[in-house]
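K.L.:
These protein sequence lines are chains A and B, in that order.
Okay, so the first sequence: first residue is 18 according to the working numbering, each after it adds one.
Okay, so the second sequence: first residue is 22 according to the working numbering, each after it adds one.
Please note that the accuracy of each hint is not assured.
[Claimed, not checked] Label-pair restraints from in silico Cβ distances:
no. : chain 1 : residue 1 : chain 2 : residue 2 : range
1   : B       : Val44     : A       : Glu108    : 45 to 53 Å
2   : B       : His221    : A       : Lys41     : 48 to 56 Å
3   : B       : Gly281    : A       : Ser44     : 52 to 60 Å
4   : B       : His221    : A       : Pro54     : 32 to 40 Å
5   : A       : Val141    : B       : Leu183    : 51 to 59 Å
6   : A       : Pro54     : B       : Arg86     : 38 to 46 Å
7   : B       : Asn277    : A       : Val141    : 51 to 59 Å
8   : B       : Glu329    : A       : Pro54     : 55 to 63 Å
9   : A       : Ser112    : B       : Tyr90     : 55 to 63 Å
10  : B       : Lys214    : A       : Val141    : 55 to 63 Å
11  : B       : Leu184    : A       : Gln27     : 44 to 52 Å
[Said to hold, decoys possible] Some chain B residues close to chain A (C-beta under 10 Å, calculated; not the full set):
no. : residue
12  : Asp41
13  : Gln47
14  : Asn50
15  : Pro278
16  : Ala331
17  : Asp371
18  : Pro374
19  : Ala387
20  : Gln396
21  : Glu429
22  : Ile432
23  : Phe435
24  : Gly436
Calculated directly from the structure, the hints in this document are not laboratory data.
On a predicted model such as this, the values are computed, not experimentally measured, just so you know.
The beta-carbon is built from N, C-alpha and C at its ideal position, and this holds for glycine as well.
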Amino acid sequence: MSELSELYQQVILDHNKKPRNFRKLESANHSAEGYNPLCGDQLTVYLNVEGDLVTDVGFEGSGCAISKASASMMTQAVKGKSKEQAQTLFEEFHSMVTGELDAENDENSLGNLKIFAGVREFPVRVKCATLPWHTMHAALNKQEQISTE
Amino acid sequence: MVTVESTVASTWDVERIRGDFPVLQQTVNGKPLIYLDNSASSQVPQVVIDRGSVYLEQEHSNIHRGVHYLSQRATTAYEGAREKAKRFINARESSECIFVRGATEGINLVMYGYGRKFIGAGDEIIISAMEHHANIVPWQMLCDEKGARLRVIPMNDAGELLLDEYDGLLNERTKLVAVMHVSNALGTINPIKEMIGQAHKYGVPVLIDGAQAAPHMPVDVQDLDCDFYVFSGHKMYAPTGSGIVYGKIELLEKMNPFQGGGDMIKTVTFEKTIYADPPNKFEAGTPAIASQIGLGAAIDYLNTIGREQAAAYEAELLRYATERVSAIEGVRIIGTAKNKASVLSFVIDDIHPHDIGTILDQEGIAVRAGHHCAQPVMQRFNVPATARASFSFYNTKEEIDVLARTIERVIEIFG
């Protein structure tokens, strides 16, 4: 069960149980809806962007532990970052869970998001982890709806 | 008390049956494969694989075309499979059995051939609240095109259709009823014979989606008196790409064709084409010959092992699995109809089915996690998805024990 325990680490289980920034952001000036038709994961990401800065982030929705924890940690990671930094995190996270980026050895700014590296061992779950990031990315770029299919 | 079921279950030689299925003889993640995703697609026995090999090695040619030896052999094998299908569902004649690539294509064939010709503005089509998307979307497409209306038979919290409500939906505007025989998401066996009788009082034809029934119970289309019955080969131990639409011959004769092309015509000029008679009228182009011959072999296999005995054994597996899994604290069974096929859909408080599916997979257990192509069913029960274990006559009680223990482990992990 070693790969499994790497996937379901305590931090991920904790964010699943108590997701951070799990709220609709009334003041949001960017939002997008993400949907994974394969498993029914569905979430809305709200962003408050002032100038170049993401000042606040929130999300709502339902999904598996991986997508929920990923959304929760995404909101923490992106809050307070510039648009460009958020874009970089999105790209690095995506590369890590698809196995293109070795988070331990390659240079990156992922920080505690590295705990999602184990997802690469579960190809069908990669979309669960990336859905919140794709949705955040869509919101930032003013797309209203994205789907992982 | 000794019931008929338990007598059969104790005499069912499951080890011998398992030996017929090469795919079951493997390990997954270091554990013996426990295949509980039979409602999605069932496994293929060696005799069916061998029949496909014989066709490809010795008989392959195009059918209905050549005067040469191989074309005749291929045609004989292909039409032989149609004859087996006819006997399998007790159709009056083999021309009532149209080969399609699965139940989805079958329903679309009826939508195009029957629906587009005979259903118009203001007409109504009745489906049920538990339908698979394959028996919802084609009818929605038709309603959009024609200005017809879709009506839906509701169900109760156990997952049983409300027949009084159904009776209330039938009227002189109803032009078709399309319902599933067995629910893939809930396991419910619908009382279709009674429902067909109700529709016929209004002169309304009935299509039955038998994708989940054909593998698990004897089907007699004459006794049911259904107007159309569709099923897929790959859910009943045949290769993908095989399946049947049964239609009463008098309906098939007056329907439009499905696709146009070779093999579905009598004569073609640039001015006019005369279509072939059923079933060829609905089988344009070269079909999946090897797959359909495989379907014939799978029917032979089911007849050999005994469909009644297989069904009784599966009923015993369902009873045992329901008892084991529902005893686990925090687990809720979705679909508790009195009359069920061997499908066990369940949810666990605060644990998403996808996470359940991943953890079960690590123990070699294959289940389906998701909406089962029945999103309205998920909405009805207010769950985003369910985990579903679906059993075949090659599964064992020991496998169900592993399933139950691993579900307990899932709950431990998520504490």
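K.L.:
Does each hint hold? Answer for all of them.
P.N.:
Hints versus structure:
A beta carbon spacing of about 40 Å between Val44/B and Glu108/A contradicts the range 45 to 53 Å that was offered as a hint. Separation of His221/B from Lys41/A is about 52 Å and conforms to the stated range, judged on CB atoms against 48 to 56 Å. For Gly281/B and Ser44/A, the hinted distance range of 52 to 60 Å is satisfied, since their beta carbons lie about 58 Å from each other. For His221/B and Pro54/A, the Cβ-Cβ distance of about 38 Å falls inside the hinted range of 32 to 40 Å, so the restraint holds.
Val141/A and Leu183/B have their C-beta atoms about 37 Å apart, which leaves the hinted 51 to 59 Å range violated. Checking the proposed 38 to 46 Å range against Pro54/A and Arg86/B shows it holds: the Cβ atoms sit about 41 Å from each other. At about 41 Å, the CB distance of Asn277/B to Val141/A disagrees with the hint of 51 to 59 Å. In this structure, Glu329/B and Pro54/A break the distance hint of 55 to 63 Å, their C-beta atoms being roughly 39 Å apart.
Evaluation of the 55 to 63 Å hint for Ser112/A and Tyr90/B yields a pass: the beta carbon distance comes to about 58 Å. Judged by the Cβ atoms, the range 55 to 63 Å given for Lys214/B and Val141/A is violated: they are separated by roughly 40 Å. Checking the proposed 44 to 52 Å range against Leu184/B and Gln27/A shows it holds: the Cβ atoms sit about 51 Å from each other. The closest approach between the C-beta of Asp41/B and any C-beta of chain A is roughly 29 Å, which is over the 10 Å cut-off, so the hint fails.
Interface restraint check for Gln47/B: the shortest CB-CB distance to chain A comes to about 19 Å, outside 10 Å, so the restraint is violated. Against a cut-off of 10 Å between C-beta atoms, the interface hint on Asn50/B holds, since the closest Cβ of chain A lies about 9 Å away. With its C-beta approaching chain A no nearer than about 32 Å, Pro278/B sits outside the 10 Å limit, and its interface hint is violated. Given the 10 Å rule on beta carbons, the hint for Ala331/B is violated: about 31 Å separates it from the nearest Cβ of chain A.
The beta carbon of Asp371/B comes within 8 Å of a beta carbon in chain A, closer than 10 Å, and the hint placing it at the interface holds. At its closest, the beta carbon of Pro374/B sits 8 Å from a beta carbon of chain A; the interface hint therefore holds under the 10 Å criterion. Taking 10 Å as the C-beta cut-off, the interface hint given for Ala387/B is violated, the closest approach to chain A being about 12 Å. At about 8 Å, the closest approach between the beta carbon of Gln396/B and any beta carbon in chain A falls short of 10 Å, and the interface hint on this residue holds.
Residue-level restraint check for Glu429/B is violated (minimum Cβ-Cβ distance to chain A is 14 Å; threshold 10 Å). At about 12 Å, the closest approach between the beta carbon of Ile432/B and any beta carbon in chain A exceeds 10 Å, and the interface hint on this residue is violated. Interface hint status for Phe435/B: upheld, as the beta-carbon distance to the closest one in chain A is roughly 7 Å, under 10 Å. Hint status for Gly436/B: holds, given a least beta-carbon distance of 8 Å to chain A, under 10 Å.
When each numbered hint is compared with the structure, violations occur for hints 1, 5, 7, 8, 10, 12, 13, 15, 16, 19, 21 and 22.
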